[in-house]
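Chemist: Sequence:
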Amino acid sequence: MEKTMNDTTRRQGRRMILRGSAMVMALGAAGCGTGGVGPNAVAGRTPDARVEMRQVQAAYVASGGGGSGTLHYRGRDYPFTIAAGGIGGIGASTLEAEGDVFNLRDPRDFAGAYGQARYGGAVGTASAGELWLENAAGVIMRLRARRTGLMLSLGGDAVVISMSP
Numbered sequence: 001m002e003k004t005m006n007d008t009t010r011r012q013g014r015r016m017i018l019r020g021s022a023m024v025m026a027l028g029a030a031g032c033g034t035g036g037v038g039p040n041a042v043a044g045r046t047p048d049a050r051v052e053m054r055q056v057q058a059a060y061v062a063s064g065g066g067g068s069g070t071l072h073y074r075g076r077d078y079p080f081t082i083a084a085g086g087i088g089g090i091g092a093s094t095l096e097a098e099g100d101v102f103n104l105r106d107p108r109d110f111a112g113a114y115g116q117a118r119y120g121g122a123v124g125t126a127s128a129g130e131l132w133l134e135n136a137a138g139v140i141m142r143l144r145a146r147r148t149g150l151m152l153s154l155g156g157d158a159v160v161i162s163m164s165p
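When you line the sequence shown up against UniProt numbering, it's residues 1 to 165, in that order.
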């Protein structure tokens, strides 16, 4: 029993290290590809899909969070999960967002790491804004977001989206 418990603990520790390393690499990769995403990238274009999501985030210098959402693409709904990690900020908040998806040709291209630069804050329900995210496949999300909670943020995140079975 003791040997099994130690092996299990080691495997769980390795998985946590791998996940943390993947999140740091995703933050770096996503941050490199998102500098120019914004309104000009999709000007005059019709969205390929719609998305809605909910995410919880907590920060104290480093930040982390998770959530879920649904991609609405060509008459079908595709559920997904969100894992986020980043740097900068203090507090906790909930983000609800909905918006448009561009450059999507296949729902599998939606998954991946998206970079997000952020600044601002949330006090109670007094926060709303727009977010622009882009992944390595060139998929762009324009999100209208409502943040509730108490948070002051300045930094960047990698938002990793995984399609649910």
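By construction, these hints were calculated from the structure, which means they are not laboratory data.
Note that this is a predicted model, so its numbers are computed, not measured.
You may find that some hints are simply not true.
Ranges between beta-carbon positions, derived for each pair [stated by the list, open to error]: (1) ASP106 <-> ALA62: 17 to 27 Å; (2) LEU150 <-> GLY44: 37 to 47 Å; (3) GLY155 <-> THR46: 18 to 28 Å; (4) GLY64 <-> ALA136: 18 to 28 Å; (5) GLY155 <-> ARG76: 31 to 41 Å; (6) GLY38 <-> GLY64: 36 to 46 Å; (7) THR46 <-> ILE90: 12 to 22 Å.
Virtual Cβ for every residue (Gly too), placed ideally from N, Cα, C.
Chemist: Does each hint hold? Answer for all of them.
Modeler: Going through the hints against the structure:
| no. | hint | in the structure |
| --- | --- | --- |
| 1 | ASP106 <-> ALA62: 17 to 27 Å | violated, 34 Å |
| 2 | LEU150 <-> GLY44: 37 to 47 Å | holds, 39 Å |
| 3 | GLY155 <-> THR46: 18 to 28 Å | violated, 33 Å |
| 4 | GLY64 <-> ALA136: 18 to 28 Å | holds, 22 Å |
| 5 | GLY155 <-> ARG76: 31 to 41 Å | holds, 35 Å |
| 6 | GLY38 <-> GLY64: 36 to 46 Å | violated, 26 Å |
| 7 | THR46 <-> ILE90: 12 to 22 Å | violated, 40 Å |
In summary, the structure is inconsistent with hints 1, 3, 6 and 7 from the numbered list given earlier, while agreeing with the others.
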